[in-house]
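Enquirer: Produce the entire structure from the sequences given, and follow the hints as far as they go.
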Amino acid sequence: MSSKTELKPKMRDRAVLFATLLLFWIMLNGTLAADSLIIGILVSLIITVLFCSGLSFFTEFRATPQAFAAGILYYIYFFKELIKANFRLAAIVLSPSLPIKPGIVKVRTKLKSRMGRLMLANSITLTPGTLTMEIDGEWIYVHCVTVESTDIDEATAQIVAGFESYLEVMYG
Amino acid sequence: MVETLIAFAALLTGIAFLFALLRFIKGPSTFDRVIAFDVLTVVSITFIVLSALIEERGIYLDVALVYALLSFLGVIAIARYLEGRF
Amino acid sequence: MESLLDMTGGLLLVAGAAFLLLGGLGLWRMPDLFNRIQAGAKTTTLGTILILAGTAFLHPEWGFKLLLIGLFLLFTNPLSSQVLARAAHRRGIETSPKTSVDLLADSLSEQDMPEKLPSEKTLSDKGIEEKS
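Protein chains in written order, with the numbering used here: chain Z, 273 to 444; chain A, 1243 to 1328; chain U, 27 to 158.
Calculated from the structure, these hints are not laboratory results. In this text, all values refer to a predicted model and were calculated from it rather than measured experimentally. From the three backbone atoms N, C-alpha and C, an ideal C-beta is built for every residue, glycine too. Take these hints with a grain of salt, some might be off.
Unchecked claim - What follows is a set of in silico ranges between Cβ atoms, one per label pair, in the way DEER data are often shown:
no., chain 1, residue 1, chain 2, residue 2, range
1, Z, 422, A, 1243, 47 to 53 Å
2, Z, 325, U, 101, 29 to 35 Å
3, A, 1260, Z, 373, 25 to 31 Å
4, Z, 287, A, 1260, 22 to 28 Å
To be verified - Reference listing, derived: stretches of chain U covered by chain Z, where coverage requires no fewer than 3 residues with Cβ under 8 Å from a Cβ of chain Z:
no., region
5, 57-64
6, 87-96
7, 103-117
Expert: What follows is the structure in structure tokens.
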């Protein structure tokens, strides 16, 4: 029983990695011709067998329906925030007085997986006025163009909470 | 009409390129130059895509993809080097 | 039908190029390195994605490859900015005098790196000159 639960996620990881690599190969080639498909399957298989442990962060995505729904909502929210970020930055850059009050604040994340933290850091970088600078365990240091609060809990609620609720379902 | 819009987009991108180039020349620190270089490569990628549009050649997109890959690796390598701990 | 798709694509191209221009302007105007990185990361990501989307409207048959470039840039662009910001902060690049709080430097100086205590005056004055 225990050996089976050990083995099963491993095989699933390999299958997910293989499918991702093959999908990328097909998208790169743009064809489904037999010869390019065979080469793609071979190369994906070799990479999967040799480097699966090193690429494990690719496969941390949870394959449940809730996770897919959260993923879609996450991307909608993400693009909304990205567009908002650009307009805010445009307003700052175009105003002659350059109204900024930069600072580096500290926030805390509940996410445990590596991919989840990477996605959170990327999201923070692309949202209004914030830039991830350093991840240290559960602490994330964020550079803000306009500092609103230096208190950890308040800054966490402002910067992290919106994305974290989706990413928690997606990656845990 | 579309050709005009493409040309206008190329003009705006060119001005963006000039601003980034000014920052690249001026510095003042090495990191400013690296971030200017990063922006320059992304702007170049959009230039490649625009020229693919103008010349109607899809093969240029492969160039853009490889360029994106190489510039990302380059910036990461330079940043790690400047950080002083490989 | 042809003209509507084409016009949407063309307008997306111009919008993306306008955001790139704002990014270049931000890169030039912002007073210190970290604000410049912010301007660079956000605007180039959205600008490039808009331009790729516009190209996809004009040439739907290139869609897959454009999607691949867009996904790649969406992941790598913020990542390289973050790595650069972290490296710059570890090397003790000066922040602009407008900076109100730096909790990262505080937590570092508590631990072990005395040479990274911010020495405000020398370089930050230069930063003001550079702004014009």
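Enquirer: With reference to the structure, classify each hint as holding or not holding.
Expert: Now for the hints, and whether the structure bears them out:
{"no.": "1", "hint": "Z:422 - A:1243: 47 to 53 Å", "result": "holds, 52 Å"}
{"no.": "2", "hint": "Z:325 - U:101: 29 to 35 Å", "result": "violated, 21 Å"}
{"no.": "3", "hint": "A:1260 - Z:373: 25 to 31 Å", "result": "holds, 29 Å"}
{"no.": "4", "hint": "Z:287 - A:1260: 22 to 28 Å", "result": "violated, 49 Å"}
{"no.": "5", "hint": "57-64", "result": "holds (count 6)"}
{"no.": "6", "hint": "87-96", "result": "holds (count 4)"}
{"no.": "7", "hint": "103-117", "result": "holds (count 7)"}
Consistency with the previously given hints fails for numbers 2, 4, ordered from lowest to highest.
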